[in-house]
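**Q** Once you have looked at the hints, place chains B, C and D on chain A.
Protein chains: 4
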Amino acid sequence: MTELAPPTRSRVLAALRAQRIETASWAFGNSGTRFKVFAQEGVPRDPYEKIADAATVHRFTGVAPTVALHIPWDKLDDYAALAAYAKERGIGLGAINTNVFQDDDYRLGSVTNPDPRIRAKALAHMFECVDIMDATGSRDLKLWFADGTNYPGQDSIRARQDRLADALAATYERLGPAQRMLLEYKLFEPAFYTTDVPDWGTAYAHCLALGDRAQVVIDTGHHAPGTNIEFIVAVLIRAGKLGAFDFNSRFYADDDLMVGAADPFQLFRIMCEIVSADVLKPEAGIAFMLDQCHNIEPKIQAVIRSVMNVQEATAKALLVDTAALAAAQRDGDVLEANEVLMDAYHTDVRPLLRDLRGEMGLDPDPIAAYKRSGYYETVKAERVGGEAAGWGA
Amino acid sequence: MTELAPPTRSRVLAALRAQRIETASWAFGNSGTRFKVFAQEGVPRDPYEKIADAATVHRFTGVAPTVALHIPWDKLDDYAALAAYAKERGIGLGAINTNVFQDDDYRLGSVTNPDPRIRAKALAHMFECVDIMDATGSRDLKLWFADGTNYPGQDSIRARQDRLADALAATYERLGPAQRMLLEYKLFEPAFYTTDVPDWGTAYAHCLALGDRAQVVIDTGHHAPGTNIEFIVAVLIRAGKLGAFDFNSRFYADDDLMVGAADPFQLFRIMCEIVSADVLKPEAGIAFMLDQCHNIEPKIQAVIRSVMNVQEATAKALLVDTAALAAAQRDGDVLEANEVLMDAYHTDVRPLLRDLRGEMGLDPDPIAAYKRSGYYETVKAERVGGEAAGWGA
Amino acid sequence: MTELAPPTRSRVLAALRAQRIETASWAFGNSGTRFKVFAQEGVPRDPYEKIADAATVHRFTGVAPTVALHIPWDKLDDYAALAAYAKERGIGLGAINTNVFQDDDYRLGSVTNPDPRIRAKALAHMFECVDIMDATGSRDLKLWFADGTNYPGQDSIRARQDRLADALAATYERLGPAQRMLLEYKLFEPAFYTTDVPDWGTAYAHCLALGDRAQVVIDTGHHAPGTNIEFIVAVLIRAGKLGAFDFNSRFYADDDLMVGAADPFQLFRIMCEIVSADVLKPEAGIAFMLDQCHNIEPKIQAVIRSVMNVQEATAKALLVDTAALAAAQRDGDVLEANEVLMDAYHTDVRPLLRDLRGEMGLDPDPIAAYKRSGYYETVKAERVGGEAAGWGA
Amino acid sequence: MTELAPPTRSRVLAALRAQRIETASWAFGNSGTRFKVFAQEGVPRDPYEKIADAATVHRFTGVAPTVALHIPWDKLDDYAALAAYAKERGIGLGAINTNVFQDDDYRLGSVTNPDPRIRAKALAHMFECVDIMDATGSRDLKLWFADGTNYPGQDSIRARQDRLADALAATYERLGPAQRMLLEYKLFEPAFYTTDVPDWGTAYAHCLALGDRAQVVIDTGHHAPGTNIEFIVAVLIRAGKLGAFDFNSRFYADDDLMVGAADPFQLFRIMCEIVSADVLKPEAGIAFMLDQCHNIEPKIQAVIRSVMNVQEATAKALLVDTAALAAAQRDGDVLEANEVLMDAYHTDVRPLLRDLRGEMGLDPDPIAAYKRSGYYETVKAERVGGEAAGWGA
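Residue numbers (the numbering used here), protein chains in the order written: chain A, 1 to 393; chain B, 1001 to 1393; chain C, 2001 to 2393; chain D, 3001 to 3393.
Please keep in mind that the hints were generated in silico from the structure rather than gathered at the bench. Yeah, the Cβ is synthetic: ideal placement off N, Cα and C, and Gly gets one too. Check each hint, because a few of them may be wrong.
[To be verified] Computed beta-carbon distance windows for the label pairs:
| hint | chain 1 | residue 1 | chain 2 | residue 2 | range |
| --- | --- | --- | --- | --- | --- |
| 1 | C | Gly-2211 | D | Gly-3361 | 55 to 61 Å |
| 2 | A | Ala-81 | C | Gly-2386 | 38 to 44 Å |
| 3 | C | Ala-2005 | B | Glu-1088 | 42 to 48 Å |
| 4 | B | Asp-1321 | A | Ala-170 | 31 to 37 Å |
| 5 | B | Asp-1103 | C | Ala-2005 | 55 to 61 Å |
So that you can see chain A by itself, here it is in the shape it has in the complex:
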């Protein structure tokens, strides 16, 4: 990288220092595919141990100060105690994620199930999650519905939309004035014919109907092949309806690989939209979350790497020469405009991030520092016996 002008460097470093990335408790537990969950050693056995792992990620990266919970995987009697434990470890509790897809009752759907008893059960779970938010002080209720159908004719698409709208309205109503609803969409899986919230348009339409505190979540792995995600980012920002990201990456479907691993250029383009709209800063209200499955790689290290990948993409986005870009765009100079963007992308920002970490009192190389810390060896030795956390518990 050619030397940055001091004001640019200050601006970029300040933005990177203020950046916030939320980790997910379930990323530290075991995960897999329908074919196999490969067990790893040292995996947490309860929410407290997940918090400890998330705090470790923050300790080495400095920009991951909150961790999202998933109910019932992180269900406890005393959330205040968990919050206190997290605080002690240097982090806070983030979004509350509902789960209305792992009960035999939800075979044909949760809030869109044709059976009103099951819809009521799902709604009660969502209310319970709002109660938990009250206890944890979480701002965001994140809703992802596995609801859908597998066969043409199985259920009425429209009737399911009506049921969905009803459940969302009741839940929205239940939120406190400082709480938000974040609605996630996904093209398919586990439903294989229709999915009740399959695309951003559907999520957007429901959020519009609900009100200002309902916003859309973009999971970067939840789109049809060929979808331009940064376009959706731009359009949702323009509409004031982008609430959060679930970051991960994919080559095929919802692969849930480490963010930035499959298409780092796409991640950069997404962050360019964020930076150019000036909504990177936490007060802009967009939550940047990781939602990944580390099926075959060590989990804590993978989360650290993921945080770093987001930082690198962000740093590159911050380096875009916006004046030169705007001029080239205005002039219709296609190659020059592209070149301005690529110039930032091709820059090696790792030295800058090492400097940032130094200024923040962190080791410039989080992975190496984590490995040297012996944390993994410790938990591997300690976390023996009991049941390793996973998607089922």
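**A** Same frame as chain A, but now just chains B, C and D:
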């Protein structure tokens, strides 16, 4: 097919008799890919000859009484004369399609071009098309924008949305109270990185901002792989925002093959949503249009076949036992619900449609009747010399 | 359907009577997605009960006389006893499917694992399966490898091909002269970056290197979006390398829905290639197998329906007027050729199949007969306690 | 970039200096989509002017010393004169590309057409191209067939394979001992149902049947969504059947954008396979060609940028620490192996390439040097009148 109960048969036949499918003037001209436009014999050389072909389709099918025009491909001095000619031939003029993609000025976009001069030019064309609607008595202004970018950085996604919104608002304002704006979306092509209206969500958001007379057009070939089109149909009907279809079919991208040729089961599922929402009838305001390219097959015959394919899918959709379906759905009987749908789909409705045509005073076999009519031989002999119509003229 | 000419009818009925479809033992056990396996009642708890279910499918359809086993899910001490039990129930044991993806050792691959110890373990399993084939009298060893990588750089693509070739050669060597190796390919899942046998080309190249008794398996759900499966069918038949189908259907990825449920027209086109190459008959050596997951629908009934769907597609393919088709193709009459094909597809063949079943001494309506039989109520009552079969056991 | 060890630096620079990238004559002419070809100024009007443009690309990049021709777009009476002109300008003539898709006769195919007269005509064109190779001294005959069908039933898939095999065999037979046949595959377009050479497996099978001098061409834009191209690269290299690349990039279908513009990480992964198999050097026999359409951007500058993009991806691939990578792969250290690869990818190689150009006596910044050269202004002034070259001429 087992015998239909007389009331069912009457209901189905009445619905099929009332069905209206709009053909497209450009389907009768030459078309092709970027690699080659294969010239065919007997192709019309002006809008009058296109009208004659469209009237021929209606003459043999009885359900295609209007033809859409495309400006400037169908540009004329006297649209009243063209309308009179159409009337004489037994059909009417349908939607007016704008074209802001075939002038060198539109290299970087039309209404979203960074250059205000070019945006103004594009807007003037849209106003001109509203003037033509006034002359033809057309209800619908159909807008498809090729606008987009080919390279990351080439232009600002958000700025282009703002420019698009401005142009749509000005055009909407210009419409008379009985006129509608139909906004079409398309994933890609000719733009290869971003497209300014790439999906139903974007079209929907713009239409919402405009008002009641702005509605979305679903072109069945304009989606990402794996997109569930009937879901979009259902959601847009529920929102009161489905204005029209551009029917065609595809295996890969925007292949523009004859509707029903690639996936007849999908077409049936789409028509099931239409029938179940009771919006098949013309007064429901949804226009069912064909938008196809008959690159290698004879054009008039292909359009007749396409109309028949839509009729067959519709007939099957009308045969669905809605009470049995609703019961199976309510009971969560996945296989029974699917079976009820498939029972209608597997029914051979061609005898029923032959009966319908007999009752309508038509030949039961439109293709055979068209071939026997000698129409093609006549136009092949007459349409010699001059320039065959195509996308350029 | 217009009356078939008696010779046509005889030919079609004879072909349908001779048709053989192999069911899969695992289809009767519980299955699901990574999100949830919904438990069903009456699910078999051991291979014997699976055999009983498979025999029930054959009892009502008459064309499913064998069932494939999966090792270790169907592992037993005494396969001869199992074979005898099957015979008693009226069916036989079919292909043996290996499983080298569900041991923690296989986290980074089985036969392509960088660790030679694990490769040897995987190979030993494949040898064991050949031993089982000797015991069951099975002709076919079906190999599907989950092997691949999740991250760029994780392993050498070429080195893995070399390891794969070695394992295949050793296994092929181990086969008896009347035994075959069937090699399956799959685009992705569970591997998310590279898969070691991702496409038919790779499977074909390995089978070519092995010899005549190595052939390719086409799983209809294992392709990239837009892949023309019937093309692959035609090309592999032409090369003498099509060994088997794993039938199922999908809208998105490897959804494993009932065959014919997502795109019945595609299934028909596939069967047209089979029929036109005259390789439907069992002596042509192509095994027609079902490989599906009935996650939310009742399993036995779903398998019966799947068998019927294959029969219906086959019946339609048998009805194609081959002389008319060949003539239209030769004349370059695109629409006529398409029409000849569609004429067969649009025919309602269910009456013909009902007649076939009558002639075979079966109930014309297998689903209704199965429901009336009380089989499901009986097994639901009997199969209480124990552990329901699934992918893990 | 941290300082490279001198031996590494020497090795990398030597490889980059030896790299050869072939440009395409048609990239300098006008191109577009079926919707519009936007005319640009200064476009060549004959093969000589195209050569001049290609020579200009080589003058500023130093690694593009040959240009491929396309017949009949570059048809001439005297190819020796053209070759002499090229030589004078510092470049040579490369591969000869056939065109059997732009004659009305080829509406239903060329070498696979059901009509033997048309097949003979297509074959004669291929023979003519071999004659041209003899005149130009070209080594490679590059074959891409637009052949396929648009509608199910239109023609026999197998019969077309037979006809294709015949035409390939006759053409292969016609080649001299120092000449090669390069067979390209493409998923779809302009055919929309079947394509006769749709995937690498089909091309590979035909090349195998032909002999050693028949090899496969990978066009990076010709795959189904989700296809792992570097896997195909690795497999074809392993089989000794990779003959050439047609480089370009795409977000959707065959977008033909500048290589490296859509997914630079993918291009890097492809080059990693090339480098790791040591087949970058020209004597390895793989031709690295550009095949792109510069529809909206200035063409010469776009080709220069494309050459640079390939150089940058290559430089990064050359920087991979192969020992560290092999060790991490052997140890099954997923994250470390990925990290080793990403370390090379994240390196900013532009300073290294500037150094390379300096050592080669070139301007370190080819784009700036080209702009300063006034070449474009000159040709814009000179190339007035006449007919601009395009796909039609």
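**Q** If a hint holds in the structure, say so; if it does not, say that too.
**A** The hints, checked one at a time:
1. C:Gly-2211 / D:Gly-3361: 55 to 61 Å: Once the Cβ atoms are compared, 56 Å apart, the range 55 to 61 Å for Gly-3361 of chain D and Gly-2211 of chain C holds.
2. A:Ala-81 / C:Gly-2386: 38 to 44 Å: Taking Cβ atoms as reference, Ala-81 of chain A and Gly-2386 of chain C lie about 40 Å apart, which means the hint holds.
3. C:Ala-2005 / B:Glu-1088: 42 to 48 Å: 47 Å, holds
4. B:Asp-1321 / A:Ala-170: 31 to 37 Å: 34 Å, holds
5. B:Asp-1103 / C:Ala-2005: 55 to 61 Å: Given range 55 to 61 Å: holds, Cβ gap about 59 Å.
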